[in-house]
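Asker: The task is simple: from the sequences and hints, build the whole structure.
Protein sequences appear in the order of chains V and Y.
Going by UniProt numbering, the residue at position 83 of the first sequence is 83; the numbering climbs one at a time, nothing skipped.
Going by UniProt numbering, the residue at position 77 of the second sequence is 77; the numbering climbs one at a time, nothing skipped.
It should be emphasised that the hints constitute simulated quantities derived from the structure, not laboratory data.
We put the CB at the ideal spot given by N, CA and C, even for glycine.
Please note that a few of the clues may not be correct.
Negatives, chain Y to chain V, calculated, CB over 12 Å [as the list claims (entries may be wrong)]:
1) Leu12
2) Ser13
3) Arg17
4) Leu18
5) Arg23
6) Arg48
7) Val55
8) Ala74
9) Lys90
10) Asp123
To give an idea of the chain Y side of the interface with chain V (calculated C-beta under 10 Å), a few residues [to be verified]:
11) Ser21
12) Gln37
13) Gly39
14) Val50
15) Asp57
16) Glu81
17) Thr84
18) His88
19) Thr101
20) Leu104
21) Asn105
22) Gln109
23) Asn117
24) Leu131
25) Glu139
The chain contents come next:
Protein chains: 2
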Amino acid sequence: CPCPLPRGDCSLSRLLRLLLSARRSLEICLFAFSSPQLGRAVQLLHRRGVRVRVVTDARYMGLHGSQIGLLRRAGIPVRHEQETGYMHHKFAIVDGRVLITGSLNWTTQAIQSNRENVLVVEDAEYVKPFLDEFERIWEEYNPRQLQIF
Amino acid sequence: CPCPLPRGDCSLSRLLRLLLSARRSLEICLFAFSSPQLGRAVQLLHRRGVRVRVVTDARYMGLHGSQIGLLRRAGIPVRHEQETGYMHHKFAIVDGRVLITGSLNWTTQAIQSNRENVLVVEDAEYVKPFLDEFERIWEEYNPRQLQIF
Chain V
1 CPCPLPRGDC SLSRLLRLLL SARRSLEICL FAFSSPQLGR AVQLLHRRGV RVRVVTDARY
61 MGLHGSQIGL LRRAGIPVRH EQETGYMHHK FAIVDGRVLI TGSLNWTTQA IQSNRENVLV
121 VEDAEYVKPF LDEFERIWEE YNPRQLQIF
Chain Y
1 CPCPLPRGDC SLSRLLRLLL SARRSLEICL FAFSSPQLGR AVQLLHRRGV RVRVVTDARY
61 MGLHGSQIGL LRRAGIPVRH EQETGYMHHK FAIVDGRVLI TGSLNWTTQA IQSNRENVLV
121 VEDAEYVKPF LDEFERIWEE YNPRQLQIF
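Answerer: Below is the structure:
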């Protein structure tokens with residue numbers, strides 16, 4: 001990265017720029033989402049009229065610092081799993097066209113301190129299976145499908 | 001996946017097949033590695049003369065069920081971080097040519113129960129940065145570079 005920022009800030013700024021390029025839709029499928037900067041960017045897109053949908057893991061979303069409650073209160077639809085396994089994906093899709101995926105959860109710890117990778121891919125061959133997986137999960141985690149224990 | 005196995009077993013068998021296709025080298029860069037089947041496959045490749053190198057996270061590798069100790073005892077070189085952040089990658093590179101990356105740690109829980117993604121990529125454009133990152137980490141975690149506290 002040729003920019004003069006420290007590595008974590010540089011990665012964050014690239015990710016923010018990419019997200020803020022969304023004009024129509026943003027699918028977010030994240031095990032953990034606690035970065036305030038990324039949370040604000042997602043809320044901004046929502047206010048701009050971009051269709052934002054979020055899928056996340058039930059165990060992490062209740063933790064201190066999670067952005068999920070704020071996104072929900074802002075009116076963004078969020079669905080979460082209720083299974084025994086983790087919803088462990090870490091990807092987002094901008095305008096149905098650009099896939100952002102890798103090891104990175106959207107947390108300040110991960111952005112600033114971890115060794116992580118983020119792939120940005122526009123080939124439909126790679127994007128399509130992730131879009132399909134998002135729609136599958138979105139339906140599977142539909143609250144109408146949730147069982148009451 | 002058209003195979004008749006349950007999803008987790010099918011994913012595992014595809015991953016095993018891909019790994020066992022290695023003829024020359026296998027770089028493994030994993031936050032968590034506890035799957036006994038994948039551990040046995042990696043040991044088999046090592047015995048066949050494939051050059052195996054492993055990078056992992058120090059906190060996870062001591063946990064019960066981790067394969068890292070077994071790999072080390074089999075003579076496979078393993079390096080780990082000693083930083084404050086996590087070594088959170090989840091990728092492997094077969095013969096310097098095929099990149100396997102995604103959200104999946106090589107654990108039975110993840111393979112059997114989680115929602116995960118694994119990308120298999122052969123385009124050099126994507127493989128090269130991961131190879132470079134592996135070599136960077138490999139040098140950075142060289143025991144000769146470790147500080148004694």
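Asker: If a hint holds in the structure, say so; if it doesn't, say that too.
Answerer: We went through each hint and held it up to the structure:
no. : hint   : verdict
1   : Leu12  : 14 Å, holds
2   : Ser13  : 19 Å, holds
3   : Arg17  : 19 Å, holds
4   : Leu18  : 17 Å, holds
5   : Arg23  : 25 Å, holds
6   : Arg48  : 28 Å, holds
7   : Val55  : 9 Å, violated
8   : Ala74  : 25 Å, holds
9   : Lys90  : 5 Å, violated
10  : Asp123 : 8 Å, violated
11  : Ser21  : 21 Å, violated
12  : Gln37  : 18 Å, violated
13  : Gly39  : 20 Å, violated
14  : Val50  : 23 Å, violated
15  : Asp57  : 9 Å, holds
16  : Glu81  : 7 Å, holds
17  : Thr84  : 6 Å, holds
18  : His88  : 4 Å, holds
19  : Thr101 : 7 Å, holds
20  : Leu104 : 8 Å, holds
21  : Asn105 : 8 Å, holds
22  : Gln109 : 7 Å, holds
23  : Asn117 : 6 Å, holds
24  : Leu131 : 12 Å, violated
25  : Glu139 : 13 Å, violated
The earlier numbered hints that this structure contradicts are 7, 9, 10, 11, 12, 13, 14, 24 and 25.
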